[in-house]
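Engineer: Chains A and B, in that order, give the protein sequences. Take any residue in the first sequence, count from 1 to its spot, add 227: that is its number in the numbering used here. Take any residue in the second sequence, count from 1 to its spot, add 10: that is its number in the numbering used here.
Calculated directly from the structure, the hints in this document are not laboratory data. In this text the structure is predicted, and so the values were computed from the model without any measurement. Each residue gets a CB set at the ideal place from its N, CA and C atoms; glycine is no exception. Check the hints yourself; a few may be wrong.
Said to hold, decoys possible - From the structure, some residues in chain A lie toward chain B, with a derived Cβ separation under 8 angstroms:
1. His237
2. Asp248
3. Ala330
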Amino acid sequence: MDAPSVAVSHDGKKVATAWMDQRTGERAAYLLLPSGQEVRLGAANASQSHPNVTIDAEQGTWAVWEERGGAWGRSPSGEVTQLASAGQFPVVAWSEKTGALVAWEVEGGALLRRWP
Amino acid sequence: MMRTSLLALGCLLPLGALADEPVRIAPSERPIQPNLAIGADGTVYLAYIGGDGARDVRLVVSKDGGQTFGPSVVAIAVGGKAQGGRQRGPRVGVDDEGRVYVSAVQPIEQGEPRGGDVWLATSADGGATFGPAVKVNDRANALDTPQSQRSAKEGMHWMAVTPQGEVHLAWLDDRLAPEKGQLIAYAKVDRDEVGKNVLAYVNPQKQVCPCCTPGLAVDRKGNPVIAFRNELDGDHPVFLTRSTNKGKSFKAARPVQRGRAGVKG
Chain A
228 MDAPSVAVSH
238 DGKKVATAWM
248 DQRTGERAAY
258 LLLPSGQEVR
268 LGAANASQSH
278 PNVTIDAEQG
288 TWAVWEERGG
298 AWGRSPSGEV
308 TQLASAGQFP
318 VVAWSEKTGA
328 LVAWEVEGGA
338 LLRRWP
Chain B
11 MMRTSLLALG
21 CLLPLGALAD
31 EPVRIAPSER
41 PIQPNLAIGA
51 DGTVYLAYIG
61 GDGARDVRLV
71 VSKDGGQTFG
81 PSVVAIAVGG
91 KAQGGRQRGP
101 RVGVDDEGRV
111 YVSAVQPIEQ
121 GEPRGGDVWL
131 ATSADGGATF
141 GPAVKVNDRA
151 NALDTPQSQR
161 SAKEGMHWMA
171 VTPQGEVHLA
181 WLDDRLAPEK
191 GQLIAYAKVD
201 RDEVGKNVLA
211 YVNPQKQVCP
221 CCTPGLAVDR
231 KGNPVIAFRN
241 ELDGDHPVFL
251 TRSTNKGKSF
261 KAARPVQRGR
271 AGVKG
């Protein structure tokens, strides 16, 4: 079953958690921001799974997940982007030099892209 | 003019790797379960299970922000029989001195089903070569112990690295069976020295979710936080537990979401 994902800021003061649950009956991904605000990741009329999260140097939260057969992401501003039309198990990492990078698995391989 | 500009751009970017286009990783190796880390200098490290025929835990490195990758190297050799899937893949991390760490739960002696023991391999040369993997779970130390008796046999773990090179790992572990099922075990590894395994969470009812990989992160002071899916009263809510003494012990776990998760398992 889906693993939860957790990220912590360098100073240890900010923690973000992403996970899937079925409180409404469907598989839905959620993000608990360091502020304590809980956000539904993705569309309310679609199911989501396998979320992954990281925190950048400015303590912004980047989250990725599976939805409708592809990979999606939520930036620190709250903007939601389709990162890949097909893929599963997305993971996100961030550095000052590169910005956010996302890797995911596809049938027969793995892909990586910049985001945005 | 447009043609000239595009040609100039082509000189700056490697062929087939425009800035926002996805880059396919080691296509001939049919990689699965990629995991990603970025060094302080922007070097990109990607670990996966794959290979041309023989499948091991491998790593590729990019020096140009993920636009191109060098040839893969075997980080953890599993005799070409690496197993993984459903979030059972390897993890990769890097410290501020460029040491690269790759972890995986694999049956190193070959031929066993997925899972086995938690292994960590370190590269002191930026991912060009790896030293022998060290075993992290301290249960069933003998390599001839049957796989069914290995405490990490479910094959689910996560790993994170501090800037100073302390490696923190959490995994599903069933060393208290049959009285207890899967629990959350944790260990810290510093320069290949494996710390004492800590039972970060043991469910007083029976077990945590027996097929759910835990998540782990660590701050720069070396204090880890673990997220895991619990198993309580027929539900599978997500819990967090933190350490404020650099992994020596963990505080009481608490649920992340309000109310029931509605996840039956």
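Engineer: Hint compliance check: list the failing hint numbers for this structure, sorted ascending.
Structural biologist: none
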